[in-house]
Every structure is written in C-alpha cells, then in structure tokens.
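Q: One letter stands for each residue in the lines below.
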Amino acid sequence: MSLSKARKDYLEGLCQRLRQDLIKLLYSIQTGHPGGSLSSTEIMTTLYFEKLRVDPKNPKDPNRDRFILGKGHAAPMLYQILSERGFFPQDDLATLRQLDSHLQGHPCAKKTCGVELSTGPLGLGLPAGLGMAMAARLDNKDFRTYVLMGDGELQEGIVWEAAMSAAKFGADNLLVIVDNNGVQLDGTVAEIMPMGDIAAKWQAFGWNVISIDGHCVEAVSDAIDLAATVKGKPTVIVAKTVKGKGVSFMEGNSAWHGKPISKDEYVNAMKELGVNV
Amino acid sequence: MNAVKKAIRDVYGDTLAQLGRENPDIVALDADVGSSSKSIVFGKEFPKRYFNVGVAEANMVAMAAGLATAGKIPFANTFAAFMVLRAADPVRSLIAYTGLNVKLAGTYAGLSDSYDGASHHAIADIAFMRALPNMTVVSVSDPVEAELATRAVAEFKGPVYLRLSRAEVPVVLDKATYKFEIGKGVTLREGNDLTIVATGYMLVKALEAAEILADKGIRARVVNIHTIKPIDRELLIASARETGAIVTAEEHNVYGGLGSAVAEVLSQGCPVPMEVVGVNDTFTESGDYEKLLAKYGLSAANIVAHAEKVLKRKD
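If you're matching them up, the sequences are chains A and B in order. With positions in the first sequence counted from 1, the corresponding number in my numbering is that position plus 16. With positions in the second sequence counted from 1, the corresponding number in my numbering is that position plus 306.
It should be emphasised that the hints constitute simulated quantities derived from the structure, not laboratory data. Certain hints may be false.
[Claimed, not checked] Quick list of the computed label-pair ranges, beta carbon to beta carbon:
{"hint": "1", "chain 1": "B", "residue 1": "G593", "chain 2": "A", "residue 2": "K127", "range": "43 to 51 Å"}
{"hint": "2", "chain 1": "A", "residue 1": "K275", "chain 2": "B", "residue 2": "E351", "range": "37 to 45 Å"}
{"hint": "3", "chain 1": "A", "residue 1": "Q171", "chain 2": "B", "residue 2": "S573", "range": "42 to 50 Å"}
Each residue gets a CB set at the ideal place from its N, CA and C atoms; glycine is no exception.
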C-alpha cells in the first residue's frame with residue numbers, strides 16, 4: 017500500500033527534524049559519525065514509523081519485527097529514532113558516548129532498550145539476522161527481520177558467506193537494505209575498493225534485488241512492501257543514497273564519516289537544514 | 307590402563323541428539339565438518355533444526371547468535387582451531403559482549419586431530435576464550451564427562467565454550483558417582499605431598515602420573531578442573547594450602563591456559579611452588595596421537611618429572 021500524502025509529508029518532516037537534531041547532538045558531544053547517519057535517515061525513519069511492528073511498551077514481544085543496524089556507526093540516528101519512537105527518554109540522547117550512558121558509541125543490545133543486536137564490527141548483522149529469520153521459521157512466527165548495511169560493509173567477506181546461506185535456506189522473511197552512499201572511511205568506495213555492480217552481485221548470490229532512491233520515503237516504503245511478497249528467496253533493496261545528505265559540505269565527503277563538528281560548521285549545517293542558531 | 311575406550315566426539319554427538327529429543331529449542335549448526343564433530347547425528351534426526359552453512363565458520367557463529375536472541379539454544383560446531391581463529395569476531399562481538407546463550411563446541415581440540423598437523427591443532431583456544439568477559443570455558447576429560455558436561459552446558463544460561471577431543475580415550479570417571487557442576491573442580495585422588503591439577507585428556511595422564519609417584523612413595527592429589535572459567539578458586543587455594551606444591555597439566559600452550567589460570571589464583575590466594583606442563587610455546591606437527599603427546603611433553607612421565615621438580619622447591 018502506497019504512502020498517503022499525509023504520511024509522506026509526516027515522514028519527510030520527521031526526517032528533516034531528525035537531521036537537525038543529529039547535527040545538534042553530534043556538535044554538542046564533539047564525537048560520533050554524521051555521514052552514515054544522514055544517508056540512512058529516510059530508510060530508518062520509514063522502517064520505524066511506517067513498517068516495523070515493534071512496541072516500546074513491550075520491547076521484547078517475541079512476535080516483534082527485528083531491525084539490525086549492520087552499519088553500527090550510524091548509531092546516533094538509530095538512537096534518535098528509538099527515542100522518538102518511545103523506547104527511552106529523549107533526554108538520554110545527550111549522554112551518547114559518555115561514561116555511564118546506556119548509549120554506547122556503537123549499538124549494544126545489552127544496554128539499550130530497542131537495540132536488537134550489538135553491532136559495530138562490520139558484516140556481522142546479516143548472518144545474525146539470518147539466525148533470527150530461521151528462529152522465526154522454526155517457531156512458525158511471522159515476524160520479519162530487517163538488516164541495514166553500508167556499501168563499504170559489503171567488503172567484509174562474511175557478508176557473502178551469509179548471502180550464500182540465506183539463499184540456501186530460502187530466507188524470504190529476511191530483508192537487507194544497502195545504504196549505498198558510495199563513501200567509506202578512507203575515501204570513496206570507487207577509490208578504496210570498487211564494488212562494481214552491487215545489484216548483480218546479490219543477484220548472482222541468489223537474491224531478489226530491488227533498486228531504489230534511498231532518500232525517497234515512498235520508494236523505501238513501496239520496496240519494503242514489494243519485498244514482502246517475494247517467496248522462497250531473500251530480498252535486498254539497494255538504496256542509492258548520499259553520505260552526509262542534507263548538509264552540502266558533508267555530502268559525498270569521506271572526511272565526514274566521523275569527525276567533530278566545529279562552531280562555524282554547526283551554524284552553517286543548521287542553516288542548510290532550515291534552522292538559524 | 308585396561309579401561310573401556312570411547313571417542314569423546316561420539317559421546318558428544320549422541321548426547322546432543324538426546325538433548326534434541328528432550329528440548330525442541332536446541333538447534334545445531336556446523337560448518338561442513340558434521341561428520342567429524344558428530345553434529346551430523348543431531349542433523350539426521352532433526353534436519354529442520356540443523357544448519358550446515360558450508361565452510362564458513364564466522365557466518366555459522368553469527369547465525370547462532372541470531373538464533374539465540376529469539377530463544378533458541380544453538381550448539382555451533384567446528385574444529386576448536388577454527389572456532390577461535392575464524393569465528394573469533396562473532397564469538398566476541400555478538401555472543402560474549404551481549405551474553406547470548408550460544409554453545410560453542412570446539413572439537414578436535416589440543417593435538418587430538420594429530421595426523422592433520424599443527425594447522426589443525428588447537429593450543430591457544432583456552433587463552434582466547436577465557437579472556438572474553440561473560441564466557442564460560444569447559445574442557446572435557448573422558449567419555450563420562452563428555453556426556454555430563456554437554457548436558458550441563460545445554461542447561462546453563464549463557465555463552466559457553468565446550469572444548470572437545472577427537473580422541474578415543476579411556477573411561478576414568480565413575481558414571482554412577484561422578485558429579486559434574488559447572489565451576490566446581492573435582493578431587494579424584496587424595497594425597498598431601500603435592501596436587502596435580504589437570505584438564506581434558508591430561509586428567510588421564512595425571513591419574514597415571516599419580517600411580518607412578520605412589521610407587522615412589524609420593525602421594526599426589528589429583529584435581530580435575532573441567533571448568534577453566536569461572537575457575538574453582540576455593541578448591542585450588544585449599545589444595546595449595548594442604549599440599550604445598552602444584553603441577554598443572556593441559557593439552558594447550560603453557561601460555562594463557564589452565565596453568566596461567568591457576569597461577570593467577572594462587573599468586574594472589576596462596577603462593578606455593580608450581581610447575582606447568584603443556585605445549586612449550588612451539589608449533590606441533592603431524593603424527594600418531596600418543597607419540598605426539600609424548601614428544602611435546604604431554605605425558606605421565608613428564609608430569610612425574612615436574613612433580614619431582616616442584617617437590618625440590620618445596621620448603
């Protein structure tokens with residue numbers, strides 16, 4: 017079912033506010049990863065506010081959908097969304113990466129309510145997600161497992177071990193979304209380790225592939241619905257995105273994978289996002 | 307030694323299948339060595355609950371982590387060498403970090419895959435596993451213990467590394483009376499001149515060594531430490547206090563394994579002269595299992611030699 021105009025407007029407005037909040041947060045703590053958080057904003061927002069069957073009042077419901085942030089460095093955006101969704105108080109966000117906080121630099125399932133899997137070391141989200149999908153099948157549960165991965169993350173060999181396994185086990189209750197922002201820590205993906213035709217690679221591993229614009233909430237929503245209709249094999253959505261999306265000087269610039277935001281940069285970034293500070 | 311021999315891996319495979327009959331939440335994974343680890347026995351009986359992922363150990367262990375988050379009790383099976391070397395990242399980052407209820411069954415541990423050579427021997431696995439917070443480390447000595455330990459590990463809540471052997475080894479424990487409790491060492495022979503603390507198949511060698519020492523008029527106590535972490539501090543300190551000298555014996559490098567764990571306890575709790583029997587920080591080689599053990603010092607004779615050495619250091 018396509019998004020109504022009202023839902024589309026709501027999600028887009030929410031994405032804009034989450035971007036503003038992200039810059040404010042990362043400026044205030046002077047640490048964290050803005051680039052990959054900004055590229056995955058529409059994907060995660062659409063998932064959490066439109067698709068995922070999760071309930072902050074019953075966060076361990078055995079029938080809940082599972083979301084795994086394979087690219088764990090986008091934790092700041094995940095935390096903002098979890099808090100917006102009601103998993104923990106918004107005031108907690110200011111403690112991100114600080115001593116005694118439940119909000120670790122990378123997601124920790126033991127500490128943070130709503131985090132399904134501890135991630136950070138890249139590539140482990142997909143095989144673990146496959147394990148969750150297999151548990152659903154064994155228990156005849158209809159929950160779906162979603163794994164958001166970076167394109168740089170696809171360079172980890174274990175991703176392709178898991179891709180083979182998911183195809184073998186016909187994991188049609190597993191959905192991967194690749195945040196294909198074209199930039200990794202040391203430079204562009206094309207410079208560091210060219211990935212070639214990502215869609216063709218997944219296809220060759222036996223997956224159903226859907227390619228979309230990852231900044232269009234309607235496209236994200238439609239692709240997730242379409243994936244749910246595919247039986248017998250897993251689906252991957254290859255979402256073209258821009259690293260640092262929404263802040264011109266961060267866009268496509270690997271330097272903004274993870275670095276502190278200066279006063280001037282903060283003012284300019286917020287201005288571009290529609291806020292004068 | 308005229309005792310009945312059984313392969314540890316066969317006992318493990320049969321026990322895992324039996325546990326599968328008793329508890330539908332138990333699932334098993336293997337990385338294309340099911341015929342060796344004997345997880346295949348479970349797989350044949352419960353094909354839907356058995357995941358053979360091919361030659362992809364890290365993927366297997368990460369999948370096990372996902373299964374555990376949803377309430378399954380996964381037993382992940384591969385050679386001990388590959389469990390720690392290939393799957394180290396998900397073992398640490400997913401399972402230990404979050405305390406997931408995954409059972410990591412490392413078979414062919416120590417030198418037990420003897421003919422395959424040093425590439426397949428595991429002499430650093432205890433060191434790695436016990437350095438991970440939240441990880442429990444259990445090492446199996448004989449066929450009786452293999453069954454009891456596998457059962458206890460399945461019932462235990464939390465991540466466990468279960469160290470298993472390929473070898474056929476004699477039954478030395480009495481199934482009718484032996485009690486296995488994770489974290490509790492077991493005194494198998496009394497004696498007050500020194501204590502031999504052993505784990506895994508070296509327990510059998512330690513009992514042989516105690517016999518040889520007895521013939522020489524030396525009364526050695528023998529303690530089985532099947533749980534290397536959390537280690538039984540009370541029993542170790544009491545043994546040190548009462549016998550005044552310790553020899554440890556393990557099928558592992560002398561660095562980071564049982565000897566290190568015991569030294570950590572005793573250096574703080576009751577320092578006494580101590581000697582460590584293990585692989586002396588060298589790569590091993592292919593060969594007949596017993597000859598290989600003897601060449602690398604993992605023998606009753608070498609435990610006896612170290613016992614005599616430690617007794618000379620005793621006041």
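Q: Each hint: holds or not?
A: Going down the list of hints, with the structure as the test:
Taking 43 to 51 Å as the suggested C-beta distance range, the pair G593/B and K127/A conforms, at roughly 49 Å. Checked against the given bound of 37 to 45 Å, the beta carbons of K275/A and E351/B, roughly 55 Å apart, lie outside it. Taking the beta carbon of each, Q171/A and S573/B are about 45 Å apart, inside 42 to 50 Å as hinted.
Figure legend: structure checked against the earlier numbered hints; the only hint not met is number 2.
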